[in-house]
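Undergrad: Chains as they are written, first to last, in the working numbering: chain A, 1 to 209; chain B, 1001 to 1335.
Fair warning: there could be bad hints in the mix.
[Unchecked claim] A short, non-exhaustive set of chain B residues, derived as facing chain A with CB atoms under 7 Å: (1) H1087; (2) Y1091; (3) T1099; (4) S1197; (5) F1199; (6) S1200; (7) T1201; (8) L1202; (9) L1300; (10) P1301; (11) L1304; (12) P1307; (13) R1309.
[Claimed, not checked] Not everything, but these chain B residues come out facing chain A in the computed CB check (under 10 Å): (14) T1083; (15) P1084; (16) F1086; (17) G1098; (18) G1194; (19) T1268; (20) A1273; (21) P1290; (22) R1291; (23) A1295; (24) N1308.
Keep in mind that the hints were calculated from the coordinates and are not lab data.
No residue lacks a Cβ here, since even glycine has one placed at the ideal position from N, Cα and C.
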Amino acid sequence: MAKAKSKALGYLEWWVVFLLPLAPLGWLTYNAWIFNLGADPAQEIVLETGVWAINLLWITLAITPLRRVFKLNWPLRYRRMMGLYSLFYAAVHLLAFATFILGWRWDLLLKELSERPYIIVGALGLLLLIPLGVTSTRGMQRRLGRNWLKLHKLVYPISLLVMVHIIWQIRSDFGEQLVYGLILGFLLGSRMYFYLQRKTRVMRAARAA
Amino acid sequence: MLIKKPDSIKSSEITSESVYLNRRHFMRGLLGTTALLATGSANAVPEYEFEKDLPIYRGPDWMQQKIRESVRNTALSTDDKLTPYFHVMSYNNFYEFGTGKKDPARHAQNFQTDPWKVEISGEVGKPGVYNLEDLIKPHLLEERIYRLRCVEAWSMVVPWMGLSLGDLLKKFDPTSKAKYVEFTTLHDPDQMPGQRSRFSTLEWPYVEGLRIDEAMHPLTMLAVGVYGNAMPPQNGAPLRLVVPWKYGFKSIKSIVKIRLTDKMPNTTWNLMAPQEYGFYSNVNPAVDHPRWSQASERRLPSSLFNPNRVDTLPFNGYADEVAELYRGMDLKKWF
Ligand code: HEM
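Sequences are here, hints too, so could you generate the full structure?
TA: Okay, structure coming up:
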């Protein structure tokens, strides 16, 4: 009885966590539908999907520190989902840019992808996210074994590429970039801290032996 | 503070409402016609219709009167389709009120634009601090429909209301040393939240500048209104510059100082990133900004069905009028 209840709650939790990241897309779609995105709906969609791609990437990266620092274990269940959502929003971000801003004019797309530094690093970030998405299934995880972990360490350089992507967009105000940068600093810094701690422990153990 | 009045400005008459109305017809019908006959190029300003719930900015009484007397300068106006009023007043770059496009419309609604004073200084015979009313009153206001091209590669078509900057400057007797004009926006962090931002790399107040021949060019406009009404605060009320052949950031808003000088002014964006924003910043499809290709632009409003992309023209399509100002200059170097 209690077991069935907690299982039901588990389902509920899953559905809530699954549906929440779709809310921004729903909001955008609805407002686009009622023509409520202002004079430049294309720009609005590109910016908003970019913001959620980065938010979800940062959330993905936060799950391990949450576990280590705050002993919060339940989010681990959703790490893959958050990563996939980040990839999803980044893909919509690119599609929106190509469709609504460039109107699929290949000459313009090629020019943007080859000449704008901030677009090049963004594209590189998205490109590297794709293999992570493709290999995110349990089957792939099993098949790749230790290599899976190695491959998914790519998420660190990806996060740095995305950081550069938004830093190169600074016109004059860097408040947003500062916030994302500080959070990323904490997320990567905590990993560094735990890594060094583990290393000194291993070294001490080796010396003791 | 000593507020001067230019000699040429007569004190305003007290006029009853009915005379106003008559005069409005008189002005539009007769004075408008004389101006029209003189230049062959003026027309009545149309009565624009707006969606009911859109705010309309009327300005002080004297401004309303000046606007009622205004005429459209068709010779200087483009035939391009107007960007709807709603978009003109809700999609703005005015970093004093925030960096988002919607921020100015959100944060500028209580911005105090009346009374307003403008300091005219430097290389002029009649320097002083003047009431806006006294600056504007001697001039016939004109409506001019100009293309507005933002450095961010979008554009609009806007019916501005105002006068030629050159006509105003001449009244203050520029000296022979006046080689440049420097403009300064109000600095008032209490009213302008963007000026309070701790993460902004821009230095306040915002400063822009023109070469004197650019300032005296008949296309260069001081605007006090749009769409047959006073200027909305988010668009730079009560007094802004409009230089249609340059990127939008040159068209400085909410001006409180006009200084004529013999040196090229240090302008805000140019100070911050000289390799990205030149002093001239003439619209030029051949010179890209590091972040934006300038070869084409999206004419707003764009829709999701059509980006509304059009080729960008040299000098924003005003090459016939202004290219001669830059004859012999390497526009790739002097971008
Ligand atoms: C081919 C790949 C990509 C392209 C072409 C691209 C393009 C763009 C463009 C055009 C903008 C708007 C710039 C502006 O007009 O100000 C932008 C903003 C942004 N992009 Fe990307 N991007 C790409 C990949 C990514 C990825 C992988 C992420 C994150 C995971 C991302 C996150 C963002 C963010 C956060 C913004 C800023 C939003 C804001 O300032 O509010 N982008 N991107």
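Undergrad: Taking each numbered hint in turn, which are not upheld by the structure, reported in ascending numerical order?
TA: none
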